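**Student:** With chain A held as given, fit chain B with the ligands onto it using these hints.
Chains A and B are the protein sequences, given in the same order.
Using our numbering, the letters of the first sequence map in sequence onto residues 1 to 287.
Using our numbering, the letters of the second sequence map in sequence onto residues 1001 to 1217.
Hint data in this document are derived by calculation from the structure and do not stem from the laboratory.
It is possible that part of the hints are untrue.
What the hints assert, rightly or not - Each computed DSS-like pair below joins lysine-lysine, with the alpha-carbon atoms no more than 30 angstroms apart:
hint	chain 1	residue 1	chain 2	residue 2
1	B	Lys1109	A	Lys48
2	B	Lys1072	A	Lys59
3	B	Lys1215	A	Lys60
4	A	Lys143	A	Lys48
5	A	Lys201	B	Lys1215
6	A	Lys60	B	Lys1177
Just so it is clear, the structure is predicted and the values come from calculations on it, not from any experiment.
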Amino acid sequence: MKEITIISGKGGAGKTSFTASFAFLAKNRVLADCDVDAADLHILAQPKIVHQEDFFGGKKATIDLNKCSHCGVCIENCRYGAIGQDFVVDHTACEGCALCHYLCPETAVTMEETLNGKWFISETRFGPMVHANLIPGEENSGKLVALVRNQAKVIAEERNMDMVIVDGAPGVGCPVISSITGVDHVVIVTEPTMSGVHDMKRALELVRHFNIPVSLVINKWDIYPRMTMEIEEFAKSENIQLAGKVPYDRAVTDTMVRRRAVVEVGPGPAADAIIGVWDQLKQRIWQ
Amino acid sequence: MIVAVASGKGGTGKTTVATSLGAVLGTRSQILDCDVEEPNCHILLKPTILTSDTVSLPVPSVDLKKCSLCGKCGEVCQFSAIVQIGKTVIAFPELCHGCGSCSMLCPDKAIEEVPRNLGVIETGMAANLEFVQGRIRIGEAMAPPLIRAVKNRIKSNKFVILDAPPGASCPVITTVKGADFVIMVTEPTPFGLNDLEIAVEAIEGLGIPIGVVIKQI
Ligand code: SF4
Ligand code: SF4
Chain A
1 MKEITIISGK
11 GGAGKTSFTA
21 SFAFLAKNRV
31 LADCDVDAAD
41 LHILAQPKIV
51 HQEDFFGGKK
61 ATIDLNKCSH
71 CGVCIENCRY
81 GAIGQDFVVD
91 HTACEGCALC
101 HYLCPETAVT
111 MEETLNGKWF
121 ISETRFGPMV
131 HANLIPGEEN
141 SGKLVALVRN
151 QAKVIAEERN
161 MDMVIVDGAP
171 GVGCPVISSI
181 TGVDHVVIVT
191 EPTMSGVHDM
201 KRALELVRHF
211 NIPVSLVINK
221 WDIYPRMTME
231 IEEFAKSENI
241 QLAGKVPYDR
251 AVTDTMVRRR
261 AVVEVGPGPA
271 ADAIIGVWDQ
281 LKQRIWQ
Chain B
1001 MIVAVASGKG
1011 GTGKTTVATS
1021 LGAVLGTRSQ
1031 ILDCDVEEPN
1041 CHILLKPTIL
1051 TSDTVSLPVP
1061 SVDLKKCSLC
1071 GKCGEVCQFS
1081 AIVQIGKTVI
1091 AFPELCHGCG
1101 SCSMLCPDKA
1111 IEEVPRNLGV
1121 IETGMAANLE
1131 FVQGRIRIGE
1141 AMAPPLIRAV
1151 KNRIKSNKFV
1161 ILDAPPGASC
1171 PVITTVKGAD
1181 FVIMVTEPTP
1191 FGLNDLEIAV
1201 EAIEGLGIPI
1211 GVVIKQI
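Here chain A stands alone, though its shape is the one from the complex:
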């Protein structure tokens, strides 16, 4: 069983549209949406939820004002400035480290589990899918990503599937790290713009930091052919496999509006190119 993750560094480069198309093209796969703080894959996959569970990622401090003697030890030592002068803990600032709980001479601080989100197992026309919603503004997205990936792998093993396809998050921080560590292959989707290239390079550096095989795809390559050429040269000089180029095509947005992956709807410039990219990737992943 192989696990591949699609990331982009920059948001809006087409990562989720590609993930849905790959999911349609692959047979025998489980989908995992690891962009847990702004999950979009469900819009295209239209999952029917068959199982759901709460996700408790961590704890937060609460001070019992009846026990509190206003000594101020907690305020002084909390490194996140999470405790106000009124001894009320600001839960958006509290990291749940429990230092105040251990230091409080009145044992007034309790640590309580907080609900950070929910995760789901669903059936979709692309096969089973594991996804999650982080409660907006909550933390611990890295832990939730790890949980989603694990569940997807369990299902893949149970049902004898060959592949888990993971939609990663934008950026290079905690949820992204959590969605790529230990996978068999990472696909970076980029676009030929200054910020697209800048962010792709950082994403690439991250993937290499973890020594994971990687392929590059240039989306909307024809909006700025000269920049596309620069990316191709860069890829060659850095010895990175280019899995293909996909042209700009209105059909991508149009099919998104109709809740479909672009390859599902039929031939077209983007759809044909994505099919070519997928063939390349398959060879590489199973070589």
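**Tutor:** Same frame as chain A, now just chain B with the ligands:
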């Protein structure tokens, strides 16, 4: 006045809005790129960088000569970043949140704090606009402490523009906290709307007024 420019979905044109706002306000304003994972303001503003400082987080280093192997550190750490196993204590600095619990509560005073590099903060000028950006070290998972350090550079006598990271989780909250107004940039697609709703829900909880800009209509 502090205005944060955010967007649930990436690639909607958030940075274009933030930098344009800065360019219009000029001398009176300061722009801080809080999208420390993928800072992009510098691409559009091309600032001259004048200072560069490393930002770090204090993480534990154990002196085994003083350590009595009591296991207290592993018991108090909420992030499994330090454990006592057999005759030794192992720290996992990349999991550490730098809270100081283990060093402060160690009965043998065997734990010292050493810095873990989070990234850099660079400051400079883009024409007459004051510029600050954070850039996370590749491989570093925790953006919020670096974002807090970027925000420490806010000059209260300026009109402050914060370019927030995409999404709706802790890095966004860390950025927009304390802002007077949030501009949400979105695009008219199902992804754009879905991510806008999530981000608005996250920010609403902080009680900050929100305005929406729709790009590429
Ligand atoms: S648990 Fe830690 S972060 Fe939260 S209020 Fe207490 S000391 Fe501060
Ligand atoms: S400083 Fe806090 S988070 Fe870091 S190892 Fe010690 S107890 Fe754990």
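**Student:** Please verify whether Lys1215/B and Lys60/A have alpha carbons no more than 30 angstroms apart.
**Tutor:** The given pair, whose Cα atoms are some 38 angstroms apart, is violated under the 30 angstroms limit.
**Student:** Please work out if Lys201/A and Lys1215/B have their alpha carbons no farther apart than 30 angstroms.
**Tutor:** Since the Cα atoms of Lys201/A and Lys1215/B sit roughly 26 angstroms apart, the hinted pair holds (cutoff 30 angstroms).
**Student:** For Lys60/A and Lys1177/B, compute the direct alpha-carbon distance and say whether it is at most 30 angstroms.
**Tutor:** Measuring from Cα to Cα gives roughly 18 angstroms; hence the hint holds.
**Student:** Taking only the CA atoms, is the gap from Lys1109/B to Lys48/A under or equal to 30 angstroms?
**Tutor:** violated (55 angstroms)
**Student:** Assess, step by step, whether the Cα of Lys1072/B is no farther than 30 angstroms from the Cα of Lys59/A, and give holds or violated.
**Tutor:** The given pair, whose Cα atoms are some 19 angstroms apart, holds under the 30 angstroms limit.
**Student:** Please verify whether Lys143/A and Lys48/A have alpha carbons no more than 30 angstroms apart.
**Tutor:** holds (24 angstroms)
Going through the hint list in order, the structure does not satisfy hints 1 and 3.
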